[in-house]
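**Q** Given next are the chains, with one letter for each unit.
Protein chains: 2
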Amino acid sequence: MKRIIVKLGQRSYPIIIGYKIFSRIGPALKSIRIGRDAIIITNNFLKRKLGVTLKRNLEKTGFTVKFEVVPDSEKSKSTLEVFKLVNDIGKYDIKRRIFIIALGGGVVGDLAGFVAAIYKRGISYIQVPTTFLAQIDSAIGGKTAVDLSVGKNLVGAFYQPRMVFTDPALLATLDRRQVRSGMAEAIKYGVIADSKLFEFIEKNHKAILGLNRKVLEFVVYRCSLIKSKVVSLDEKEQRGIRTILNYGHTVGHALETVGGYEKYNHGEAVGLGMIAAARISGELNLIDKKSCQRIEHVIADAGLPTSAKKINKFRLMSVLYRDKKFVKGLTRFVLPVKIGKVVVREDIPLSVIDKAISSIVKK
Amino acid sequence: MKRIIVKLGQRSYPIIIGYKIFSRIGPALKSIRIGRDAIIITNNFLKRKLGVTLKRNLEKTGFTVKFEVVPDSEKSKSTLEVFKLVNDIGKYDIKRRIFIIALGGGVVGDLAGFVAAIYKRGISYIQVPTTFLAQIDSAIGGKTAVDLSVGKNLVGAFYQPRMVFTDPALLATLDRRQVRSGMAEAIKYGVIADSKLFEFIEKNHKAILGLNRKVLEFVVYRCSLIKSKVVSLDEKEQRGIRTILNYGHTVGHALETVGGYEKYNHGEAVGLGMIAAARISGELNLIDKKSCQRIEHVIADAGLPTSAKKINKFRLMSVLYRDKKFVKGLTRFVLPVKIGKVVVREDIPLSVIDKAISSIVKK
Numbered sequence: 096m097k098r099i100i101v102k103l104g105q106r107s108y109p110i111i112i113g114y115k116i117f118s119r120i121g122p123a124l125k126s127i128r129i130g131r132d133a134i135i136i137t138n139n140f141l142k143r144k145l146g147v148t149l150k151r152n153l154e155k156t157g158f159t160v161k162f163e164v165v166p167d168s169e170k171s172k173s174t175l176e177v178f179k180l181v182n183d184i185g186k187y188d189i190k191r192r193i194f195i196i197a198l199g200g201g202v203v204g205d206l207a208g209f210v211a212a213i214y215k216r217g218i219s220y221i222q223v224p225t226t227f228l229a230q231i232d233s234a235i236g237g238k239t240a241v242d243l244s245v246g247k248n249l250v251g252a253f254y255q256p257r258m259v260f261t262d263p264a265l266l267a268t269l270d271r272r273q274v275r276s277g278m279a280e281a282i283k284y285g286v287i288a289d290s291k292l293f294e295f296i297e298k299n300h301k302a303i304l305g306l307n308r309k310v311l312e313f314v315v316y317r318c319s320l321i322k323s324k325v326v327s328l329d330e331k332e333q334r335g336i337r338t339i340l341n342y343g344h345t346v347g348h349a350l351e352t353v354g355g356y357e358k359y360n361h362g363e364a365v366g367l368g369m370i371a372a373a374r375i376s377g378e379l380n381l382i383d384k385k386s387c388q389r390i391e392h393v394i395a396d397a398g399l400p401t402s403a404k405k406i407n408k409f410r411l412m413s414v415l416y417r418d419k420k421f422v423k424g425l426t427r428f429v430l431p432v433k434i435g436k437v438v439v440r441e442d443i444p445l446s447v448i449d450k451a452i453s454s455i456v457k458k
Numbered sequence: 096m097k098r099i100i101v102k103l104g105q106r107s108y109p110i111i112i113g114y115k116i117f118s119r120i121g122p123a124l125k126s127i128r129i130g131r132d133a134i135i136i137t138n139n140f141l142k143r144k145l146g147v148t149l150k151r152n153l154e155k156t157g158f159t160v161k162f163e164v165v166p167d168s169e170k171s172k173s174t175l176e177v178f179k180l181v182n183d184i185g186k187y188d189i190k191r192r193i194f195i196i197a198l199g200g201g202v203v204g205d206l207a208g209f210v211a212a213i214y215k216r217g218i219s220y221i222q223v224p225t226t227f228l229a230q231i232d233s234a235i236g237g238k239t240a241v242d243l244s245v246g247k248n249l250v251g252a253f254y255q256p257r258m259v260f261t262d263p264a265l266l267a268t269l270d271r272r273q274v275r276s277g278m279a280e281a282i283k284y285g286v287i288a289d290s291k292l293f294e295f296i297e298k299n300h301k302a303i304l305g306l307n308r309k310v311l312e313f314v315v316y317r318c319s320l321i322k323s324k325v326v327s328l329d330e331k332e333q334r335g336i337r338t339i340l341n342y343g344h345t346v347g348h349a350l351e352t353v354g355g356y357e358k359y360n361h362g363e364a365v366g367l368g369m370i371a372a373a374r375i376s377g378e379l380n381l382i383d384k385k386s387c388q389r390i391e392h393v394i395a396d397a398g399l400p401t402s403a404k405k406i407n408k409f410r411l412m413s414v415l416y417r418d419k420k421f422v423k424g425l426t427r428f429v430l431p432v433k434i435g436k437v438v439v440r441e442d443i444p445l446s447v448i449d450k451a452i453s454s455i456v457k458k
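These protein sequence lines map, in sequence, to chains A and B.
Residues in the first sequence are numbered from 96 upward in steps of one, following my numbering.
Residues in the second sequence are numbered from 96 upward in steps of one, following my numbering.
So that you can see chain A by itself, here it is in the shape it has in the complex (with noise of 0.2 Å):
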């Protein structure tokens, strides 16, 4: 079992990684504190195959437990759904101690995290990840939110958990499509601080779809501890620092919209984002050509898609502008200038934006 410490003064809180730790989170939550009525925030797949388990795990070490079932898709991630929970916690929460368990992916993460951000202006809550994406990405870090129609993400708040609880054996529960969406995000934590990890990554691929213990253990804890070093220094995104945990989202976000979020699942986007910017950066000479091509080959390799089919390129670079990257109206990217560092530039002729994008929605 091993910790890691988000250093957030007075909001710091332990990443505890651990295979098949999953039982022993009853003593871990009664160590910090937190409460004594659970609410339980999962949907219905992974009530029956983890909740039940928690369930009685917790009323063993004495926690109460209630559960709030969310449909198990990003349509969750709504400000209706945040509503309905709202009401439903606030009926149950009379003379109660309670504090919130999101026990999920990205999507619960996001939700029940913004969930106890506003319920009595923030209650307790921690983070128990179930896909590869939220143990090394998503459940870190206190960025929480939901989606409107016109986009995602746009009402949230930065509001860290009090501990995050991440057993890679959990994994077990994905396709092998979760699988590999998570590696993107593990390949991207390598190019924009790790070479180690990269090269790891490199060699371990198949292993790493193989849902390896020791493999998934090493990958989980490295990207884990990137990510609470960022949030550490960047905790609101506010200094540049937090920034580089973006390469790849911006394209990404975009082909994300365009697709209506189900042709390409997060992953595969920020796979695709990742080679564009990787381009953008060859075609700037800020890169060269063999690291480009060590991290188009992984992304190959990790089974995720290199090029983008029936894209609409024109829509694509529309959507583009509307992200929130695109700060004062600037194309803000994160670009690999070698394996394991990145650079945040905002002056990238539109030209260069455009072949790269070309390239990728090509054929």
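A few of these clues could be false.
If chains are identical, the list can't say which one is meant, so a pair holds when it fits in one copy or spans any two.
Cross-link-like lysine-lysine pairs, in silico, DSS-like; alpha carbons within 30 Å at most [unchecked claim]:
id, residue 1, residue 2
1, Lys186, Lys405
2, Lys170, Lys144
3, Lys298, Lys324
4, Lys247, Lys190
5, Lys150, Lys215
No lab work stands behind these hints: they were computed from the structure.
Take the given structure of chain A and dock chain B to it, following the hints.
**A** Then chain B, alone, in the frame of chain A:
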């Protein structure tokens, strides 16, 4: 024109107070570089009375202006209204540099502040309070919230404005009952922290009700100063300091609830709550009889009720026990020990509370 700084490190902001400064709001906003596109959240009455002028002034200074009109009642402090507003703003916000102006009393301020807190994880907003109560209390300090059906202010955030722009001349838009309601909070500041202010209100209660310029300026400034100091010391009500602002509010909130938010407005309920708390304090020999009577007299002089008619005592007691201020089942009261000083107590015998409640609901 006077200036008070609410000191909160990076989140510090000025309260600008001046009679008939309303027209100077444009340049003041320009000076803090708040954005370009203002969204004024207000009600229909205030849009006609003040909004149209405000719009013209802002446009002259180079801002664009869009109105969001909300119903003129506590009912607009709903999650549904929040949902409507964020969706509207999301659709409007394309390549804009938006910020929010809360033009109104406590309801508009709480709602607009919460919308600003959660849209894009927080955008800039300023408070332009138009009621006595909002000018001296709710517009300062960043407590934002909306109601749930089961209770008031259950969904919200601590989120500070970038500026509070206070023009006591705007109080001319109020009816007498609203002015009296504000006086209750002014009296509260006197009791909790400022015996000079208390004496001033004793002597000048008629001039306050008559909206005398000099008298109003003094009271608004003095109250704002106390509020800002308390907020600076304990922004998120975690250090037990901000708690003193709840003098009169424990019983006050319960009275509002039992009266369905119609029988008593906030100030009237707080006035009755202050009397109840003073009597509890008297019963416990924490305050002398004369001070206790002075509190009751000044509340009566302000034209506020001193006893609650047709209120069911037992319903009141049961609502009291649901209040957020009842931490861990303990009855937390703010009790005056002399004019200008209060203590927070959680160990009050139920019989003493019962006696004080009985004394205000009798007849």
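**Q** It remains to establish, for every hint, whether it holds in the given structure.
**A** Each hint, compared with the structure:
For a Cα distance limit of 30 Å, the shortest separation of Lys186 from Lys405 across copies, 27 Å, qualifies, whereas the shortest one inside one copy, 48 Å, does not. When the C-alpha separation of Lys170 and Lys144 is checked against a cutoff of 30 Å, the pair qualifies only within one copy, where the shortest distance is 21 Å, while the shortest distance between copies is 41 Å. Proximity of Lys298 and Lys324 under a CA criterion of 30 Å is satisfied intra-copy only: 25 Å inside one chain copy versus 59 Å between copies. Only between protomers do Lys247 and Lys190 lie at most 30 Å apart by alpha-carbon distance; the minimum there is 16 Å, versus 36 Å within a single protomer.
Taking the shortest alpha-carbon separations for Lys150 and Lys215, only the intra-copy value of 24 Å comes in at or below 30 Å, while the best inter-copy value is 34 Å.
When held up to the earlier numbered hints, the structure conflicts with none and fits them all.
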